[in-house]
Every structure is written in structure tokens, then in C-alpha cells.
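J.: Given only the sequences and the hints, what does the whole structure look like? Please build it.
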Amino acid sequence: MAIPGVEKSEREEKQKIDAEREKHKNRFYISGLNPEILKEQKFLYELIEVLRRDIELLGQRQRGLEEVVEGMLEIIAEGKEKDEESEAVQE
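Convert by adding 1 to the 1-based position in the sequence shown; the result is the number in the working numbering.
It cannot be assumed that every hint is accurate.
[What the hints assert, rightly or not] Here are the simulated EDC-like pairs of lysine to aspartate or glutamate, each with C-alpha atoms no more than 16 Å apart in a straight line: (1) LYS15 / GLU47; (2) LYS15 / GLU57; (3) LYS17 / GLU50; (4) LYS17 / ASP55.
[Claimed, not checked] Okay, the calculated beta carbon distance ranges per label pair: (5) GLN16 / GLU41: 22 to 28 Å; (6) GLN91 / GLY60: 43 to 49 Å; (7) ASN35 / LEU59: 35 to 41 Å; (8) ARG53 / MET73: 26 to 32 Å; (9) ARG62 / ALA89: 39 to 45 Å; (10) GLY65 / GLU21: 23 to 29 Å; (11) ALA78 / VAL51: 36 to 42 Å; (12) VAL70 / GLU41: 39 to 45 Å; (13) GLU67 / VAL90: 32 to 38 Å; (14) GLU75 / LEU52: 32 to 38 Å.
Treat the hints as calculated values from the structure; they're not laboratory data. Owing to the predicted nature of the structure, the values given are computational and were not obtained by experimental measurement. Heads up, the beta-carbon is just placed ideally off N, CA and C, and yes, glycines get one too.
T.: This is the structure:
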């Protein structure tokens, strides 16, 4: 089941991450660190970006689920109102 708006926000998030990564890529090479430390630093930065993206996706899924639950509660409330109306009509 697709959550509305997730694909668009995923695309936007990927663009932000790519721009941020490009900005920091130059910093890695300017730092003058030895290549081994540079690889580790780059790996950790990419890991942090992946974790940020995962956290964002989890937040989007949570918001989507909250919307579904709110919709279900509205449907239940409407059903109760209709039941009360039909009971009133029967009396």
C-alpha cells in the first residue's frame, strides 16, 4: 500500500542528501588526511546519511499510519452517528 506523498518526499530527500554529500566530498579531500583515515571518515559520513534517511522514512511511515488511523476513527464515528440516527427514527 503506497502512502501518498512518500515517493515525492523520498525523491526530495535523496536530492538533499546528494547535495549535502557533494558539499562534504570536497571537505574530505581538502582535509589532507591520510587515505586510510579519509576512507573511514567517508564511510562513517555515508553511514550517517543512510541512517538519517532511514529515520526520515520511518517518520513518513508513522505519519502515514497516523492518517490511516484518523481516517478509520472518522469512519467509525460516522457509523455511530448513523446508528444513533436510525435508532432515533425507529423510536
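J.: Does each hint fit the structure? Answer for all of them.
T.: We went through each hint and held it up to the structure:
{"no.": "1", "hint": "LYS15 / GLU47", "in the structure": "13 Å, holds"}
{"no.": "2", "hint": "LYS15 / GLU57", "in the structure": "11 Å, holds"}
{"no.": "3", "hint": "LYS17 / GLU50", "in the structure": "10 Å, holds"}
{"no.": "4", "hint": "LYS17 / ASP55", "in the structure": "14 Å, holds"}
{"no.": "5", "hint": "GLN16 / GLU41: 22 to 28 Å", "in the structure": "27 Å, holds"}
{"no.": "6", "hint": "GLN91 / GLY60: 43 to 49 Å", "in the structure": "47 Å, holds"}
{"no.": "7", "hint": "ASN35 / LEU59: 35 to 41 Å", "in the structure": "36 Å, holds"}
{"no.": "8", "hint": "ARG53 / MET73: 26 to 32 Å", "in the structure": "31 Å, holds"}
{"no.": "9", "hint": "ARG62 / ALA89: 39 to 45 Å", "in the structure": "41 Å, holds"}
{"no.": "10", "hint": "GLY65 / GLU21: 23 to 29 Å", "in the structure": "25 Å, holds"}
{"no.": "11", "hint": "ALA78 / VAL51: 36 to 42 Å", "in the structure": "41 Å, holds"}
{"no.": "12", "hint": "VAL70 / GLU41: 39 to 45 Å", "in the structure": "43 Å, holds"}
{"no.": "13", "hint": "GLU67 / VAL90: 32 to 38 Å", "in the structure": "35 Å, holds"}
{"no.": "14", "hint": "GLU75 / LEU52: 32 to 38 Å", "in the structure": "35 Å, holds"}
Checked against the numbered hints listed earlier, the structure breaks none of them; every hint is satisfied.
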